[in-house]
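S.K.: What follows is the residue order along each chain.
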Amino acid sequence: MSDYAPLLDALTRLRGIRGAMVVTLGDGLPVAESLMGGLKGTALAAMAATLASRSADLAARGGLGAPRFLHLQSSDGSLLVAPAAPDLVLVAIAGRDVPLGLLRLEMLRMAERMG
Amino acid sequence: MTEDIRALSAQYAADPSSLIFLRLAEGLRLRGQTDAASKVAVQGLTRYPHLPDAHDLYARILADQQDYANAFDEWDTVLRLVPQHIGAHKGIGFLYYRAGDPDRALYHLRVAAELDPTDRGLRLAVERVAGGGEIWDVPMPEAPLERVARAAPIAEGSDPFAGLDGARDRLLLVDSGGLRLGGGLITPSGRDVSDDASAVLAGTTFEAGRAARMLELGEWTYLTIEGAELSACVLKPTPDTSLLAAMDAGLPAGQLAFLAERAAKTARAWLERVR
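Chains as they are written, first to last, in the working numbering: chain S, 1 to 115; chain E, 1 to 275.
For reference, chain S alone in the conformation it holds in the complex (with noise of 0.2 Å):
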């Protein structure tokens, strides 16, 4: 888990962000995280699993290649997912009116350096 927590910790000290994880894509495990209170890493895990894999399976069926960063938009905020090393994803959920652009390019180098 230490491995991962440097990363994570500098997603979370990013503005409005509340927080970061390393997911299991196949099966919706926590593998690290960096969470504010009142989150539950448990469901953040499996919903951000679950949607990666839906969306993959968009992807592949539309032609869209493998999937390199989704976005959820929602009224009172963000769940962004990259996916990272084989089965796994890396998870950022955001506040409301967060700098989208510069999470986003984080996000991408980190995934970057953990596949």
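Rather than coming from a laboratory, the hints here were simulated on the basis of the structure.
Since the structure is predicted, the reported quantities are computational estimates derived from the model, not experimental observations.
Be careful, since some hints might not be right.
If you want the footprint, here are the derived chain E segments under chain S, 3+ residues with CB under 8 Å [as the list claims (entries may be wrong)]:
1) 195 to 203
2) 206 to 219
3) 227 to 236
4) 240 to 249
Even glycine gets a Cβ: it sits at the ideal position worked out from N, Cα and C.
Once you have looked at the hints, place chain E on chain S.
M.R.: What follows is chain E alone, placed relative to chain S:
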């Protein structure tokens, strides 16, 4: 008069959700920095897809970049939102004049001139296109047919995305059971994957809604999937339909949600007509 770009940029960086992007993008446009202006305008439109002045601004940037087809679409969007928008009538009038269609140019310029009788330059433009000042004695004609047709491109009920870029190969509308209602999806290599994608699209939107609900993120608005070949934005135009809008990978991510929202608007209008 140009605005202080540095100050506006700082204000925009401090509060990206504010309307300051309008002044910043306009300032950049006036300085000839149209790429930067375009980026700011598209970011703003992503947050405010129904703001007429944002579409008008983006249209002027596109016109400066000589992307006249997309500028027309933007002004057309403005007129759907605000039929009496002076800037959009001026812009479309200019584009028609440039395209060698003086009748339609004259119509739009006259509408703009009547909405703003104090704009002397506009009156002169009308007279120049009309060939003299006698034009003011001629009654205002009906709206040209083509504009009416563009404003209602789906009257026949056959195509939910008629008139939009990518209507046949980059936009897909499905019902809650995964059956395709319209549009199509073709891969960059030319393979038609419309039905394959349709079959899993509704399931993906269901999962997006469930994730937003379970994670207490509020009501979800869209999901973007950046792929190696194409990027896609998925959303629900209505509670019982799902829509996918795709564009080439590498194009600005912020544009995707904007394009999808525009397609969703068109799809909603189509659904209202055919149901």
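S.K.: Please count how many residues of the stretch 206 to 219 of chain E have a CB within 8 Å of a CB from chain S and say whether that reaches 3.
M.R.: It holds: at least three residues are needed, and the stretch 206 to 219 of chain E offers 11 whose Cβ sits within less than 8 Å of chain S.
S.K.: Do three or more residues from the stretch 227 to 236 of chain E put their C-beta atoms closer than 8 Å to C-beta atoms of chain S?
M.R.: With 7 residues closer than 8 Å to chain S, the stretch 227 to 236 of chain E meets the three-residue bar; holds.
S.K.: How about the stretch 240 to 249 of chain E: do at least three of its residues have a C-beta closer than 8 Å to a C-beta of chain S?
M.R.: Coverage by chain S holds here, the residue count being 3 at a Cβ distance below 8 Å.
S.K.: Check, residue by residue, whether the stretch 195 to 203 of chain E contains three or more positions whose beta-carbon lies closer than 8 Å to a beta-carbon of chain S, and give the verdict.
M.R.: holds (count 6)
In this structure, none of the earlier numbered hints is contradicted; all agree with it.
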